[in-house]
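Engineer: Using the sequences provided together with the hints, build the complete structure.
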Amino acid sequence: MTDEEATEQVREEAETEETDSDREDPLGPESTRLVAEVATEDAQLATDLEDHLAELETAREDAEERADDFESKLKRKQADFQNYKKRAKKRQEQMKDRATEDLVENMLDVRDNLKRAVESDHEDVESLKEGVRMTLKELDRVFEDEDVEEIAPEPGAETDPQRHEVMMQVESDHPEGTVADVYQPGYEMAGKVLRTAQVTVSDGSSGE
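Position in the sequence shown counted from 1, then plus 2, gives you my numbering.
Everything labelled a hint here was simulated from the structure, so no lab data went into it.
Where is the CB? At the ideal position from N, CA and C, for every residue including glycine.
Honestly, I wouldn't trust all of these hints.
[Stated by the list, open to error] Here are the simulated BS3-like pairs of lysine-lysine, each with C-alpha atoms no more than 25 Å apart in a straight line:
| # | residue 1 | residue 2 |
| --- | --- | --- |
| 1 | 88 | 98 |
| 2 | 91 | 77 |
| 3 | 117 | 131 |
| 4 | 139 | 117 |
| 5 | 87 | 98 |
| 6 | 91 | 79 |
[As the list claims (entries may be wrong)] Simulated restraints on C-beta separations:
| # | residue 1 | residue 2 | range |
| --- | --- | --- | --- |
| 7 | 127 | 89 | 55 to 65 Å |
| 8 | 195 | 114 | 40 to 50 Å |
| 9 | 93 | 191 | 41 to 51 Å |
| 10 | 160 | 132 | 32 to 42 Å |
Structural biologist: In structure tokens form, the structure reads like this:
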């Protein structure tokens, strides 16, 4: 083989190796490295996204669990409140019934005394009056136990529209507009007016 033939053969082999090298890495070493880095970053991003989605799913499940727990507690509180209202209403009714029973029980002796006075055969008026006085005293005791007080203003007292009902104006030596007389007493219980007192008021004419 001549020198020229040998040189041509070496050149052809070099071209063949260069062609094979280009076919194996058409973009070159730098491009391959960049592609590998991008692929790695994409894989990491995918992993991070999966982790984030898993965290969000866990947070959602926790939130639903807390919401269910809160709803359950709310329903229990509502049920407890309704039961409390029922118990309170029942206690109020029981207290009202008991108060009525106590009042009726206290009035029994008063009724017995009145009944004995009516059924009495004696004609002694004073004795009858004494029986009535005793009955009235017994009734006053019941009123006192129940914190019931009589509303009977003294003549000359100022009128109170919350406690007094003016029936008419009459001649009187008391100042005009003040109480002249009590036509019918009123009553109050623990500060609450049960019945206003019916009174007459002075026109002030007799005091002139």
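Engineer: If a hint holds in the structure, say so; if it doesn't, say that too.
Structural biologist: Against the structure, the hints come out as follows:
1. 88 - 98: holds (15 Å)
2. 91 - 77: Since the Cα atoms of residue 91 and residue 77 sit roughly 21 Å apart, the hinted pair holds (cutoff 25 Å).
3. 117 - 131: holds (14 Å)
4. 139 - 117: Holds: residue 139 and residue 117 sit about 15 Å apart, inside 25 Å.
5. 87 - 98: Status holds; Cα separation ~16 Å.
6. 91 - 79: holds (18 Å)
7. 127 - 89: 55 to 65 Å: holds (56 Å)
8. 195 - 114: 40 to 50 Å: violated (30 Å)
9. 93 - 191: 41 to 51 Å: Cβ of residue 93 to Cβ of residue 191: about 21 Å, so the range 41 to 51 Å is violated.
10. 160 - 132: 32 to 42 Å: holds (37 Å)
In the structure shown, a violation is registered for the earlier hints numbered 8, 9, in ascending order.
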